[in-house]
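Top line first, the protein sequences correspond to chains W and Z.
Using the numbering used here, you'd call the opening residue of the first sequence number 1 and step up by one each time.
Using the numbering used here, you'd call the opening residue of the second sequence number 1 and step up by one each time.
Watch out, some of these pointers could steer you wrong.
[Unchecked claim] In silico contact screen, one side only, chain W against chain Z (beta carbon under 10 Å); selected entries:
| # | residue |
| --- | --- |
| 1 | Asp-49 |
| 2 | Gln-50 |
| 3 | Leu-53 |
| 4 | Leu-58 |
| 5 | Arg-86 |
| 6 | His-89 |
| 7 | Asn-140 |
| 8 | Gly-142 |
| 9 | Ala-143 |
| 10 | Asp-144 |
The set of hints was computed from the structure by calculation and includes no laboratory data.
In this text, a Cβ means the ideal position worked out from N, Cα and C, and glycines have one as well.
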Amino acid sequence: MANILKAGQPAPEFSLNVTPDQKLSLSELLGKPVVLAFYPADFSPVCGDQMALYNEVLPEFQKHGAEIIGISVDGVWCHDAFSKARNLHFPLAADFEPKGEVARAYGAYRPQDGVSERALFVIDKNGVIAWSYISPLAVNPGADGILQALEDLPK
Amino acid sequence: MSKLSIPVGANDHTQGNSSANCTLVEYGDYQCPSCGQAYPIVKKLQKHFGSKLLVVFRNFPLSQMHPWAEPAAEAAEFAGQQGKYWEMHDLLYENQENLGEELFAELATKVGLVPEQLQTAIAEHANHAHIRADFTGGVRSGVNGTPTFFLNGQRHDEAYDFETLSAAIDEILKAKSK
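Kindly generate the complete structure, drawing on both the sequences and the hints.
See below:
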């Protein structure tokens with residue numbers, strides 16, 4: 001598995017489309033914790049997949065004032081369709097062109113497959129990685145690690 | 001390996017022998033088709049292991065994906081308050097394809113509840129706190145989808161067909177009898 005960025009390292013800045021005509025930059029979120037969830041692809045055929053789970057856990061993330069962003073190499077229209085199909089209430093960023101550039105910056109790209117790893121980052125309010133985790137591609141890492149990391153952030 | 005963070009206790013719906021050597025905790029969603037498939041498997045395990053197995057069901061409704069999951073969980077919890085939890089639980093899974101107001105009313109009558117009271121409980125989210133506590137406890141235990149099973153507190157990451165689950169239970173019982 002890839003060597004992802006670790007706690008203590010600055011989170012690389014990015015600016016990616018989250019809708020066909022709207023970009024989101026990490027720096028816009030300075031001042032609050034950010035959960036960055038890389039995943040391989042939209043529309044994985046599992047019931048209760050990773051993004052659907054985060055969608056359900058959203059109120060818990062919000063208790064910590066955290067923003068969550070899902071990120072994959074899928075394009076904006078695909079994200080749009082996926083988001084509508086799953087009724088997602090958080091943004092999905094399209095790491096589409098140049099493909100996987102942000103995943104690479106976080107050490108979370110799988111060149112052999114052309115997709116990102118299932119890698120999780122909790123970034124503190126100062127833009128520093130507080131926790132990171134990489135899961136085997138086939139295993140949904142759940143949300144317990146993220147919640148623990150958010151709890152462990154200095155108040 | 002993920003572990004159950006909330007031990008089985010008085011707030012849980014349990015079925016079977018409370019001093020059984022093996023406890024199976026299922027986190028499930030009433031509208032999830034995979035949980036529907038797991039339902040007869042759990043029944044078969046209960047029949048097979050008898051008093052050696054305690055079964056616990058906790059709510060893990062994926063409400064954004066399954067709009068009837070939470071109302072169904074409310075229906076089961078309401079039935080539970082009247083001592084009819086497992087009857088309702090079973091009927092919900094047996095009629096999973098028809099979840100909805102009409103079915104809830106029909107099942108209420110069937111198990112001897114007042115349909116109007118059940119409707120009110122669903123409309124007012126009477127047991128929301130309990131359902132949400134199940135859900136967040138599940139998230140903290142590493143539940144990442146439904147169904148997720150725990151055997152004596154350890155998450156069962158393998159398949160949940162009868163053969164795999166019963167082999168895992170056999171192993172626990174064997175270790176306990178030593």
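Structure versus earlier hints, numbers of those that do not hold, lowest first = none
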